[in-house]
Amino acid sequence: MDNTRRICIPSSGPETGDLVDDRFGRAPFFMIYDTGTKKTEGHKNPACDGMGGVGPKAAQFLITHGVTVLVAERVGGNALEALKAGGIAVLLFDKKGATVGDAIEAFLQGELGEQ
Amino acid sequence: MPSKHFSRVNSGNSDLPFSYVPETSDNIDDTLIMKVTVASGKGGTGKSMVAANLAWALSETSPVTLVDCDVEEPNLHLFFPQDPIEREEVTVPVPSIDLDRCTFCGDCAGFCAYGALLVTKDRVLFFPDLCHSCGGCSLICLAGAIKETQRSIGTLTLRHISDRLHIVTGTLQEGDVLATKVIREAKRIAERPGWIVYDASPGTSCPVVETLQGSDLCLLVTESTPFGLHDLELAYSVTSYMGIPSGVVINLSDGRDKETRAFCEEKEIPVFATIPFDRWIAHVQGVGDLISRRDSFWKDRFIALGMACCSRVEEL
Amino acid sequence: MLLESGGAMIRLAVVSGKGGTGKTVITGAIAHVSTCSKVMVDCDVDAANLELILNPKVIERQEFAGMDTALIDQAACTACGICAGACRFDAIKTNGTSFVVCSDHCEGCGVCRYLCPSYAISMRRRVCGEIFYSQTHFGNLVHARLTPGAANSGLLVGIIKKIALERNSDCDLLLVDGPPGIGCPLISTVTGMDAILAVTEPSISGLHDLERLIRVCHPLSADIAVVINKYDLNIPGSDSIRVFCQNAGIPVVGQIPYDESVMDAVRKGRLVTEYDSPAAQAIHSLWDEILSTFGVRAFAG
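Top to bottom, those sequences are chains A, B and C.
Residue numbers are given in the working numbering: position 14 of the first sequence equals residue 14, and the series is strictly consecutive.
Here the working numbering runs 1000 ahead of the position in the second sequence, where the first position is 1.
Here the working numbering runs 2000 ahead of the position in the third sequence, where the first position is 1.
It is worth saying that the hints were derived from the structure and are not from the lab.
In this text, a Cβ means the ideal position worked out from N, Cα and C, and glycines have one as well.
Hints may be right or wrong, so weigh each one.
[Said to hold, decoys possible] Derived Cβ-Cβ restraints for the label pairs, each shown as a range:
no. : chain 1 : residue 1 : chain 2 : residue 2 : range
1   : B       : 1088      : C       : 2096      : 32 to 40 angstroms
2   : C       : 2122      : B       : 1262      : 56 to 64 angstroms
3   : C       : 2285      : B       : 1287      : 40 to 48 angstroms
4   : C       : 2288      : A       : 92        : 47 to 55 angstroms
5   : B       : 1237      : C       : 2162      : 23 to 31 angstroms
6   : A       : 77        : B       : 1193      : 15 to 23 angstroms
7   : C       : 2127      : B       : 1262      : 25 to 33 angstroms
8   : A       : 3         : C       : 2079      : 33 to 41 angstroms
9   : C       : 2098      : B       : 1265      : 36 to 44 angstroms
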């Protein structure tokens, strides 16, 4: 059974050294870490400067990219519903000043709980 | 105790209602159709009070329909005790997805500019409060899986206050965003002969523009504070952009309206009336009553305000 | 919820449900009486009045292009009229021979672009306002202005809040003057705030509007407190508000009397709290009460 999980972390930039962004829908980048390949991909968030409905649009992006876990600080109502429908678990990470790398590490250490 | 005190000292501006003798009913044309929107750049200036009093006073002698276009927070009905005699739902078309035909390709979600659709490998989620009813998703679906059904976003009510006064209230359901649709429908059922007084929502955005469409005149209600003037300028920019003549009512006046009057003079907008800040007026409103209903002095003043609107439209 | 300071910034939004309750004057006064470093945001973009009392000096401007609008390339257009027929927003006008998108009505849905057989339609971001970054006596202020007909939006509110936060992350307080209403701009304002101060007044719709506001803010998990402005214009109305708040478990952190000196101060370009008046005293008490209700310890510095 394939236990690979793909973890998404909203980010302020496209590198693992960039700071985690505390929003979901309007975060400029999504970093996706694959537990199988242990690699991180950086994607620009296509929803971030939309007129509205960015939560569901961002969730759609995650679903399309096979994300199964979102590590985030704040997730709004519509986004949460969308993520749930897509079977994406949402874990809380609200450490200030953390980088994407820190967030991945925290996830791998099993430190994060569900929102 | 009714206050007949005007704190405004004669500034030399001809403020029509104070020199105007109210017309007798012989002069009121029953076939008159006059559409006035009462608007303001900011909330709290007393726009609803002016609209409600104007409608009440004019209905003495003319048919009047008062339309509450502040559909997110309608409040005109609070001044009148009558219950609605008619109620209608406002609906908009929204997608309905046939999951048997759906291939979960995701094209509909990709097309939607508003994030109202989400497609997973076996489910389609619809967020009604984000949908703008553009019809795009049903057009784009190659599997023919999307039909449109009607969804209720608000209600319209009609109240019969007297043989000459009716109130149409548009209410947008909490959480819904398509205010302009409810306003359009409210205006549609308000198309009746006589005066139509529209109470717009405060501000200058789409719902206000929608309300103003087709009006003969806009009454801009402002207050004699720097905030009032600042927001009057914004509101005037909308009416002038739309080419709708305006007249100003300075409400809650403490007599120090110099800057406001200077602005009006500069833009050649007539100041039709000045209503002083007065605790009695605030009290009457606070208990849901109208000063024109309580005191014939004010009734005459609001009738004169109506006449001033007519004159302004005629002269242009 | 206890708020800690001395490190983490406290985010306070002042909102009101309907306009005209005195929210902006109160926000300005709080900027004055709070003795901590702060950055301010005027999210009431439709009636951006905070600048009238804070006398900002604009040091930076940027365009706000928040809305997508369709644009018809007249050279490619064959005047088939399909776009106008399909547009649900009456945004495509014609004089019989040419078709033009009226950007006031266009909602950027893209249906016309999709249907155009000549590929003559494209979607463009339309500049519909301007964002300002300014300095004031009490800290930096981020505010904005919209072109007439353009709407305030959650997008714009989010952008100006973000600018404020990114450039002033070492301030103790983020003070936001919120927009009226309960729609998208209000929700965007309140998202991510630690505390909400709801300004209400005892008018006929005051309680009704407050109830709606509380209902909308409730799921956004910030602490809410209420202040009753101009309370003495209608004492029974103020009492009803208190009863409602008590039943709903919402603290009433202050009440401010109607006071003519408030507008005197505004006219002079000064803040109400620069004078010793009943309203000013009430606002001083209000701030103390806000700090103790939200459990804020003394701000650093």
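Check each numbered hint against the structure and report the violated ones by number, ascending. Those not satisfied are hints 2, 3, 4, 6, 8.
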